[in-house]
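> Protein sequence lines correspond, in order, to chains Z and D.
When we follow my numbering, the leftmost residue of the first sequence carries the number 1, and every step to the right adds one.
When we follow my numbering, the leftmost residue of the second sequence carries the number 393, and every step to the right adds one.
Hints are computed from structural coordinates only; laboratory data are not their basis.
Only a predicted model underlies this, so the values are computations on that prediction, with no experimental measurement involved.
Keep in mind that a hint or two might mislead.
Ranges between beta-carbon positions, derived for each pair [said to hold, decoys possible]:
{"no.": "1", "chain 1": "Z", "residue 1": "Ile243", "chain 2": "D", "residue 2": "Trp483", "range": "26 to 36 Å"}
{"no.": "2", "chain 1": "Z", "residue 1": "Val31", "chain 2": "D", "residue 2": "Ser491", "range": "17 to 27 Å"}
{"no.": "3", "chain 1": "D", "residue 1": "Leu426", "chain 2": "Z", "residue 2": "Ser16", "range": "14 to 24 Å"}
{"no.": "4", "chain 1": "D", "residue 1": "Asn473", "chain 2": "Z", "residue 2": "Ser16", "range": "26 to 36 Å"}
{"no.": "5", "chain 1": "D", "residue 1": "Arg484", "chain 2": "Z", "residue 2": "Ala267", "range": "57 to 67 Å"}
{"no.": "6", "chain 1": "Z", "residue 1": "Ser16", "chain 2": "D", "residue 2": "Arg476", "range": "18 to 28 Å"}
{"no.": "7", "chain 1": "D", "residue 1": "Leu426", "chain 2": "Z", "residue 2": "Glu220", "range": "18 to 28 Å"}
Ideal Cβ positions, reconstructed from N, Cα and C, are used throughout, including at glycine.
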Amino acid sequence: MTTGSGGPGKDSRLRSLLGSLRRFQDAGAKVAGTTTALLKGGAVIGNTISNEVSALSAKSHGKLKDYAVPRAYVPTKTQLDKLDSQLAKADEKLSLLLQGSDYYQPAINTLRNVVGPSSDARRERAHSISSFLGASPKEFFKYLATFNGGTVIGHLASENLQGVIIPMAEQLATMAPAIPEPVAIITGLLAASGRYALRVLELRGMERAGRYAEVRDQVEQRVLDQEQFAADWGHKFADAVEISGKARASFDKKYGREARVSPEGVALIKSMTADGAAPLEVFSAQSVSDRELIGKVGEKLQKGYLMSVEDASKVRLDLVADHGGDMPMIKRALHSREIPVEWVEKYGIDEYATVMKNDAQTSAAADAFNSFFEKVDSLKDKNSAAKPGMGP
Amino acid sequence: MNTGTDKSLSQVERVGLLTSAIELIEQTSGLINLAGTDNPSTSAVPPEVVVELDSLIGRFSLLCTHLLGGIPLEKGTLDINAERAYMQDAWRFLGDVKSYLRDAA
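For reference, chain Z alone in the conformation it holds in the complex:
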């Protein structure tokens, strides 16, 4: 809501905004041509994309409440393995379908050149691309993931699947009547980029989690610099004090600097565990404040990652001891579901839930793929029969 000054100033700003809107609308009306024609037939696509991009963008800024609700997550490793395998098949089918096509090879080459076939290649490629695009690899990944994730995962993991792919295929058939199997091609393209998007999202989350402590130190240094500036020059620049105060509050809110398990508590965990004490016994020996903090980790492991009571009871202590009681880091990683990659093996935490929201959606995507693959196979067989020269 607007909370600022009202009156003539507000009216003037509103008039100016509406003037800007009209100018932009006029500019849009002048851009005649194919994109606009495509857009008219693609309202459903635009709408879905819009919703998904908004959701992903909100998630990247930590504003999407769904992503903070533990019950929204269930173990998804098996489902995602299944999905990933299906996506790999889609990629393979896409390659077959693309053989001999003048239309798709340049596009798919671009996609593959951008994202790369392997983790190392992706990183390398991102660095080289960013060097001439002026964006950091992280940002570039984010854009790709936002777009690919929004348009592909969102589409495939929703009931709107047919509402998206079929209209796109119909448009393709209208615009390019000579293209064979439009449904298969659209499905394949979306599936291939979806597969990349999954990997990119996973990679991005893990990279960020791995750099948490480093980033926190950098941010805190900037806050300290601002506080120093405010102390030195606050008498001259009134804003400096206010700005540094906001920066500190923002830092504390985000990184929760104060909330740590005490060094004594960490030492107690280590010594009692080494002596063979049971996890519950170690937990009970903690101070009230430390017990409260450690207890929250256990709750998150149980509710957010569906870990058993017994496992969570042990893992919460291991996490706290191994990370020197750094609760902000532990909580942030668990809450955001962007957990460092080594936690998966060491603590048995399911990292796959960092990408997909819930089982139902993943199942829907996997089922939808199966259904489309049958169509793809059928279309491909027809195409092979019609064009004996094509094929693997």
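Given chain Z, work out where chain D should sit, using these hints.
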């Protein structure tokens, strides 16, 4: 206009255009969140602006899909220069919305 089509785009240009369009989408999405457009009665911007922002995302998402090869064109070509110019118009519009939100806060 005959001053450039998508078929004459190099890969570098294609990726550059794609990245710009995606950034535009993300910025627009951020503004929509900022403006709180879920509820028109409390939204910080007029409804017609919300509609235009939504439509902007849809349009440039489609351009992205096209640039990634999702919707190839057989009849006619995409006027890339016109798209670039329109993108500039979009950035200006977003800048104006952002200024409005900042002033209103």
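> Quick check on a hinted range of 26 to 36 Å for D/Asn473 and Z/Ser16, using CB atoms only.
holds, 29 Å
> Do the Cβ positions of Z/Val31 and D/Ser491 conform to the proposed distance bound of 17 to 27 Å?
holds, 24 Å
> Does the Cβ-Cβ separation between D/Leu426 and Z/Glu220 fall within 18 to 28 Å?
Given a distance of about 26 Å, which is inside 18 to 28 Å, the answer is holds.
> Confirm or reject the claim that D/Leu426 and Z/Ser16 have a C-beta distance inside 14 to 24 Å.
Holds - the Cβ-Cβ distance for D/Leu426 and Z/Ser16, about 18 Å, lies within 14 to 24 Å.
> Take a look at whether the Cβ-Cβ distance between Z/Ile243 and D/Trp483 falls inside 26 to 36 Å.
Cβ of Z/Ile243 to Cβ of D/Trp483: about 28 Å, so the range 26 to 36 Å holds.
> Is it true that the C-beta distance of Z/Ser16 to D/Arg476 lies inside 18 to 28 Å, as the hint says?
Given range 18 to 28 Å: holds, Cβ gap about 25 Å.
> Starting from the hint 57 to 67 Å, judge whether the C-beta atoms of D/Arg484 and Z/Ala267 obey it.
Distance hint for D/Arg484, Z/Ala267 holds at roughly 60 Å.
Violated hints: none; the structure is consistent with every hint.
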